[in-house]
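Novice: Sequence:
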Amino acid sequence: MILTAVLSRHMFVWLTFSLKLDAVISGCEAAWAYFGGVFKVVIPDNMAAIVADADPVNPRFTAGWLDYAQHCGFGTDATRVRHPRDKPRVERMVQYVRGNFFAGESFLDLADAQTRARSWCSTTAGQRMHGTIQARPLEVFTEAEAPALLALPDKAYDVPIFTKVKVHKDFHVEIAKALYSAPSQLVGQRLEVRADSVLVKLFHHGRLVKVHPRQRPGGRWTDPADLPSQTSGYAMRDLDSLVRAARRHGHHVGIYAERLLRVDLPWTRMRQAYRLLGWCL
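Heads up: the sequence shown begins at 265 in the numbering used here, then just goes up one per residue.
It is possible that some hints are incorrect.
[Stated by the list, open to error] Using 30 angstroms as the maximum straight-line C-alpha spacing, the simulated DSBU-like pairs for lysine-lysine come out as follows:
1. Lys428 <-> Lys465
2. Lys304 <-> Lys419
3. Lys441 <-> Lys304
4. Lys474 <-> Lys419
5. Lys441 <-> Lys284
6. Lys441 <-> Lys428
7. Lys419 <-> Lys441
8. Lys441 <-> Lys474
9. Lys304 <-> Lys433
10. Lys419 <-> Lys465
11. Lys430 <-> Lys465
12. Lys465 <-> Lys433
13. Lys284 <-> Lys304
14. Lys474 <-> Lys284
15. Lys474 <-> Lys428
16. Lys284 <-> Lys419
17. Lys304 <-> Lys465
18. Lys441 <-> Lys465
19. Lys419 <-> Lys433
20. Lys430 <-> Lys304
21. Lys433 <-> Lys474
22. Lys474 <-> Lys430
It should be emphasised that the hints constitute simulated quantities derived from the structure, not laboratory data.
As the structure is a computational prediction, the values presented were derived from the model and not from experiment.
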């Protein structure tokens, strides 16, 4: 990835083997730190991580990119497909980076190459006499563009997962191999998901319907309020609710239920307790 300041042509080179959203955002975060601020407008290529529908007039951006742009406060003006003149400054920089930085060099690993690329951007690319602007990019950037940058966000961006899920008959959805409850009335519906390292948010037609703490793969988080009243007790292994239900059928039924469940592993007898309640109907 090459991020180039439009006026000064000062650049930052980010090396990556991937162009997925998390890799693109990592490159942007490194660039903002290098430049000392955030560009007010970003003009990206039509990569899939950023552009969902490359319309020349009204492009549609991915949910992940929009979320990141809102976090940083910048606007996005994507280039048109097969229109290299929309970003000629960057197109020309690709050949320059290949010929001046990569050619004839060898690196220990990706980290070594990235460290040297950052230094090269400042000491070589930034200090050369640019043929178009007839000035040194780093000097022009420092004087004219750096003061206009947006401030760096207060905290690093927590790259979230954006996906769509279906609410199963057990009133749960699966996200990154963990289960989360959803309101029972949404069984069979498709929900939009935003999940970062802290929270999982479920949306239905753009409306927030549930927030859960993020769980590790294999984990499960259930809000009893999401479950129908007739199933919540069993699902949550709520023994007290079973005893209360038994007492409503009589004093002796309540005593029997209490003794039935008074064992070391009471949830192993929940089916018997439900059978008892069934006999009382």
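Novice: Where does the structure disagree with the numbered hints, that is, which hint numbers, in rising order?
Specialist: 3, 9, 19 and 20
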